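Please construct the entire structure, taking both the sequences and the accompanying hints into account.
Here's the letter readout for the chains.
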Amino acid sequence: MAKTRKLALMALFTAIALTIFMIESQLPPIAPIPGVKLGLANVVTLTAMLILGRREAGAVLAVRVLMGAVFAGSPAALLYSAAGGFLAYLVMCLAVKRFDEKQLWIVSALAGVAHNAGQLIACVWIVQTPGVLAYAPILAASGVITGCFTGFAAMYLVRALQKSGK
Amino acid sequence: MDKKTKIWIGILLAVVALGLLGFLALSRLGGGTVAVITVDGQEYRRIDLSRVSESYDIEINTKYGHNTVRVEPGRISVTESDCPDGICVAQGAIDRGGVPIVCMPHRLVVKIEGSGIDG
Chain A
9 MAKTRKLALM ALFTAIALTI FMIESQLPPI APIPGVKLGL ANVVTLTAML
59 ILGRREAGAV LAVRVLMGAV FAGSPAALLY SAAGGFLAYL VMCLAVKRFD
109 EKQLWIVSAL AGVAHNAGQL IACVWIVQTP GVLAYAPILA ASGVITGCFT
159 GFAAMYLVRA LQKSGK
Chain B
-8 MDKKTKIWIG ILLAVVALGL LGFLALSRLG GGTVAVITVD GQEYRRIDLS
42 RVSESYDIEI NTKYGHNTVR VEPGRISVTE SDCPDGICVA QGAIDRGGVP
92 IVCMPHRLVV KIEGSGIDG
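Just so you know, the protein sequences line up as chains A and B, in that order. Heads up: the first sequence runs through residues 9 to 174, numbered per the working numbering. Heads up: the second sequence runs through residues -8 to 110, numbered per the working numbering.
The set of hints was computed from the structure by calculation and includes no laboratory data. Keep in mind the model is a prediction, meaning the values are calculated, not measured. Ideal Cβ positions, reconstructed from N, Cα and C, are used throughout, including at glycine. Among these hints, one or two may not hold up.
What the hints assert, rightly or not - If we take Cβ atoms under 7 angstroms as the criterion, some of the chain B residues that face chain A in the derived model are: (1) 7; (2) 38; (3) 81; (4) 105.
This is how it looks when you write it as structure tokens:
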């Protein structure tokens, strides 16, 4: 892929991810449990990883997390989403080569759990209260469910993009 | 569907089932009557809910934001918050230990522990 084309696609992916992130942050929470959300912007990170590569997806994610905090959140929100995003990205990088494209939803489920784990660790560190670890079981379950959801979305998106010749 | 996919479906289903069960168990477990409100890990207020006979509100204003905590006989909740997601309010009242109320953006935790004011 030409360098300019890659750069343009990265910018496009970042803009789409940021838009999705902003819209999702305006929606009411899907469950009254801190840390449970769909994480739709993850669809873009996964898609970027498959179409552009790991490093490019990491860059898209980093810019989205930073700008998302500037537009929608607080410094505390940045820490939560950076910790979650970073751990999810690490797991995605490790898992993406071990599963084929039809199993992308498994990669995404693992990344979802990692995201919630990272966020919970950041939360324990920030609020200095180990009691919040009581949320670990439900956050593991929600990471799998939301991860599967975004994983299937990314899988169909990648398929459609490849069919249309990108 | 190949074997690897099946194994992973099993693992992921087990995580979901255990997670949900674990959370349900935790939210029903735990005794105690003393509510502890912490901001940034620092204790802000400690209330023995078994000695509360009339409901009242505590206004918490910190550099992170504003929350209203309602203290009722035997239970405690966050009723107002200017945080972006409002999850702390949606969590409703708690009347036992186990799962605390958390307002992540405001670094606020309301949990119930032990019995007696020193417990």
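Against the structure shown, which of the earlier numbered hints fail to hold, in ascending order? The structure conflicts with hints 2, 4, although it agrees with all the remaining ones.
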